[in-house]
Amino acid sequence: MKLTVLLFFIVLFQIKAGPGYAQNEKITLHLQSATALDVIREIEATTEYKFFYSKEELDASRKRDVRVTDEELRTVLQKVFTDSGMDFRIMDKQIVLTRKKPNTGQLDNTINRLPQQGVSGMVSDISGPIPGVTVLVKGTRNGTITDTDGEYVISVSPPDTLQFSYIGYKTQEVPVLGRNRIDITLEADITDLEVVTINTGYYTTTEKERTGSISSISSEDIEKQPINNALEAMQGRMPGVDIVQSSGVPGGGFEVRIRGQNSIMAGNEPLYIIDGVPYESAPLSSYYTSGPIIPDANISPLNAISPEAIASIEVLKDADATAIYGSRGSNGVILITTKKGKQGKTRFTINSSTGIAHIANKMDLLNTEQYLEMRREAFANDGITDYPANAYDVNGTWDQNRYTDWQEELIGKTAFFRKLQSSISGGNQQTQFLVSGVLQEETTVFPDRFKYDRLAININLNHKDKGEKFGLVFSTGYTLEKNNLPDGDYISEALSLAPNAPALYDEKGNLNWENSTWGNPLARLDAKYSQDTKSLISNMVLSYKFLKSLEGKVNAGYGFTKLADNLITPHTIYNPAFGLDSGSSTLTTNEGNRFYYIVEPQLHWEQQFKNGRLSMLIGTTFQQQVFDRTEFIGFGFANNSLIYNLGAANTLIVLGEDKTTYRYHSLFARVNYSYKDKLFLNLTGRRDGSSRFGPDNRYGNFGAVGAAWLFSEDLGLPWLNYGKLRGSYGLTGNDQIGDYQYLQTYTIGDYPYDGNIGLDPARLYNPNFKWEENVKKEAALELGIFDQKLSFSLAYYNNRSSNQLISYALPGTTGFPSILTNLDALVENSGWEFELGGDIVRNEHFKWNTSVNLTLPKNRLLEFPGLEESTYANKYVIGEPLSIAKLYKLNGVNPETGLFEFEDFNGDGLITNPEDRQYIADLSPKFFGGLSNTVNYKNWSFDVFFQFTKKNGYNQYRHSTVPGYLFNKPVSVMDRWQQPGDEAAIQRFTSGADSGAVKAYSQFTQSSGIISDASFVRLKSLELAYSLSLGRKGIDQCRIALQGQNLFTITKFKGIDPEQTTTSIPILRRVNLGVQVKF
966 MKLTVLLFFI
976 VLFQIKAGPG
986 YAQNEKITLH
996 LQSATALDVI
1006 REIEATTEYK
1016 FFYSKEELDA
1026 SRKRDVRVTD
1036 EELRTVLQKV
1046 FTDSGMDFRI
1056 MDKQIVLTRK
1066 KPNTGQLDNT
1076 INRLPQQGVS
1086 GMVSDISGPI
1096 PGVTVLVKGT
1106 RNGTITDTDG
1116 EYVISVSPPD
1126 TLQFSYIGYK
1136 TQEVPVLGRN
1146 RIDITLEADI
1156 TDLEVVTINT
1166 GYYTTTEKER
1176 TGSISSISSE
1186 DIEKQPINNA
1196 LEAMQGRMPG
1206 VDIVQSSGVP
1216 GGGFEVRIRG
1226 QNSIMAGNEP
1236 LYIIDGVPYE
1246 SAPLSSYYTS
1256 GPIIPDANIS
1266 PLNAISPEAI
1276 ASIEVLKDAD
1286 ATAIYGSRGS
1296 NGVILITTKK
1306 GKQGKTRFTI
1316 NSSTGIAHIA
1326 NKMDLLNTEQ
1336 YLEMRREAFA
1346 NDGITDYPAN
1356 AYDVNGTWDQ
1366 NRYTDWQEEL
1376 IGKTAFFRKL
1386 QSSISGGNQQ
1396 TQFLVSGVLQ
1406 EETTVFPDRF
1416 KYDRLAININ
1426 LNHKDKGEKF
1436 GLVFSTGYTL
1446 EKNNLPDGDY
1456 ISEALSLAPN
1466 APALYDEKGN
1476 LNWENSTWGN
1486 PLARLDAKYS
1496 QDTKSLISNM
1506 VLSYKFLKSL
1516 EGKVNAGYGF
1526 TKLADNLITP
1536 HTIYNPAFGL
1546 DSGSSTLTTN
1556 EGNRFYYIVE
1566 PQLHWEQQFK
1576 NGRLSMLIGT
1586 TFQQQVFDRT
1596 EFIGFGFANN
1606 SLIYNLGAAN
1616 TLIVLGEDKT
1626 TYRYHSLFAR
1636 VNYSYKDKLF
1646 LNLTGRRDGS
1656 SRFGPDNRYG
1666 NFGAVGAAWL
1676 FSEDLGLPWL
1686 NYGKLRGSYG
1696 LTGNDQIGDY
1706 QYLQTYTIGD
1716 YPYDGNIGLD
1726 PARLYNPNFK
1736 WEENVKKEAA
1746 LELGIFDQKL
1756 SFSLAYYNNR
1766 SSNQLISYAL
1776 PGTTGFPSIL
1786 TNLDALVENS
1796 GWEFELGGDI
1806 VRNEHFKWNT
1816 SVNLTLPKNR
1826 LLEFPGLEES
1836 TYANKYVIGE
1846 PLSIAKLYKL
1856 NGVNPETGLF
1866 EFEDFNGDGL
1876 ITNPEDRQYI
1886 ADLSPKFFGG
1896 LSNTVNYKNW
1906 SFDVFFQFTK
1916 KNGYNQYRHS
1926 TVPGYLFNKP
1936 VSVMDRWQQP
1946 GDEAAIQRFT
1956 SGADSGAVKA
1966 YSQFTQSSGI
1976 ISDASFVRLK
1986 SLELAYSLSL
1996 GRKGIDQCRI
2006 ALQGQNLFTI
2016 TKFKGIDPEQ
2026 TTTSIPILRR
2036 VNLGVQVKF
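Numbered by the working numbering, the letters in the sequence shown go through residues 966 to 2044 in order.
Worth double-checking, as some hints may not be accurate.
Each computed BS3-like pair below joins lysine-lysine, with the alpha-carbon atoms no more than 27 Å apart [unchecked claim]: (1) Lys-1823 to Lys-1854; (2) Lys-1416 to Lys-1499; (3) Lys-1840 to Lys-1823.
Honestly, the hints are just simulated from the structure, not real lab data.
Required output: the full structure, derived from the provided sequences and hints.
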């Protein structure tokens, strides 16, 4: 690590920004009756130059003989194009062809007689200055080109209009209007499909040549949102990608599903690749420490990746796009590319932002009057007239006029967050660099001063020698995280405490225990969860061009994640009346470490032919990951000042200790052929070996084929700019089953024999289980019409995952509860994906762009041999999705008895499990997507994005206690049965003395009554920004932005949040003010 940093700074200080230089390469051509297109193809085939041009402007009918021997390229181009009405411009290895301007000599003379003035300025895009942009006075030959810093100077007259053009960007025209400085930001031209490059991991392609299904978002989309995790930026923005945030707690995790759930038991998470390095998404946290505060202890590892450092995120979905990753890409691949330096003078960027956050929604709960009415009615229904001594809320012990909004008290505080990010970048033609850092702080919505801190540093370096044979790409990112939280998220207390429960503090300012009649929730503030995480991701790519058509490359990556978290539970969280001391205090600790590396040597060959282009890639992967974890709990301390010292505990218990090594080895190859730039074929093959399988089954063969036809090239319709049919078919595997699952394992015995502790067998040896296999198919149509003002895509996919790995129950006589084995179960995911986008308005000062995406997914279990006789019969049904719940069917409330009634499916007169739990609730989304609108007016920009989902979910009754108990309830319980003949939604109240009512309510919480429509439309993000050009003051650009996240939700759902429908802190509503300065 030290050597790498030293090397970086040695190269960095040798960088000197300077102008680019033209290559005076000499070429030889011998062509007969050749068109301009033939000449272009031959030059591209025999040199490293690439042409950019419009086929509509190029005269492809005129033929000529071309015979040149060892002549300079510029001279040859002049001979070929001088009399063809085309101009050319050479920039590095790019040759741009444009139509010559008409002869405007008379106009030039007229303009020359007008008063002249100098205009200067800078041309940039969203990432920074652009060198080589053509700046032309419209209607004349007066023009210039921006320098390496994006700056230009040109002489104009007051009525002139400047025209800015550059390959890959939309041409823009700006009237001078007497100004002496004009700065402009060019927009990427998505209609120029030749230059819209897409990262596919091992190689890049263009939008035009793409055969696979790939969705992406850019840094521009990410930076418009006040977020901490890149996954939140992706929600609703990509078809086929369903992302659910599990909690609003800082550091919480996400569930990501790309085109559905493929596996019954093995992992369904996608593969994450950060700058070429596979990044393990499984959390290192422990349920013993973080489980009480973070749902399922799911701490997202991607919290370590600063969103500000990300240049783009690509999601690979179908077989053609993912097959190059083999079994690792079975559930899709998410490629995260960090920002790189650009050629030009050294530039600084500073981003500073601050904001506030609240929970996005609260439950509508009973007030004191309604709550006491419920309680009194419950006792009356049970025939109880004298309230028990422990019924403090109604027997007069507690103030019956008191009201506390416990949601406001416990989870309703204002969270504050601030972030400072800065970067320095620059370089010359050979070497470019970027160094960035971010410092972030965020508090919580809980009482007390809990907060989350993050410090991240990213370094990127690109280098090529002058001959462009040798190349070096280096990137590294180091992150420190500290997260301090309470031991629980207080959501349970906030939703269930009686509204007339006692005050939190007594008159002296001490915690109030109200004569031991309640548990003061603030006492738990002494129990604290803390987490420290250190992460490093480094990658280096060395490349060398042996020939013009042959390049060798080695990708080497290394990284680690170290997490240490603990949970302290001092005796002070309990009522002092219990008489406990520090001997009852506990400390739970977890230390998890993950180290990994990857080395991938590759060879890439590409050859241009007269009518096509053939490219081949071959490589191998060596990957290893070492994981270790230790979990302890210590009981009893001499005093609480020693509670952080595990060695000071009176009793120490090992909760868990693991150390595993995962090795992965592969051979892969890709062949791609392009015919006349309209037919494309992509073949991919991979042989993977995984240490997670037995010696005889470690290797699997996977592959895919993708094809595309650019039919717009053949139809020649003037209104159809782009039309493509594409399809793919392939096979991938899945090894996300954990390490050493095929080996026989043992646990320490519970009972000693003859004074000795023995070992008990825990798992059977099974060398026969194999890879899960996923067959993926897709067909798609893509259109761009009316000069690409309207774009449309439609895709149908069908994925079938077989050879499922199942924990299969064994007879008790074996001594083992189950065995992990392959089963001929078949899971299908199919669906439709739509995308529609276009420019509603586009003129000089006003632009309005809108886009929408929609996914209609369908998940089904097609086959499961012996399902009805297995333990999975209560969980799965053939023909239904995997995400179902088998429940009792609620028939409503009996008008005479006032109790819930349920469907008796087997007709035996009893409601029993599993016989009568036959109602199937589908919890998978019916459709989901997003709607985006971007409006630009002069220096103002407005961006708004809505996320929407159609689905069912668990409602507020799933984990609720019986209405009538000493717990608050949603207002909806007041629609209850009170007397015979009542038609009501909720059964009669009970204090717990009516066993029939208690049983009926218990069955209700396992019935269709806990399922509700959880569909929603959410204003996911909003940004209003203003950009100032301050070039004369030493500042290139200043941008001020007001941003919002999760601002409001439209839904019929009565729970606290329709997105994750669980009893955890909902997502937060954020408002953020930020300033960006570039100089």
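- prompt: Looking back at the numbered hints, which does the structure fail to meet, lowest number first?
  reply: Of the numbered hints, all hold.
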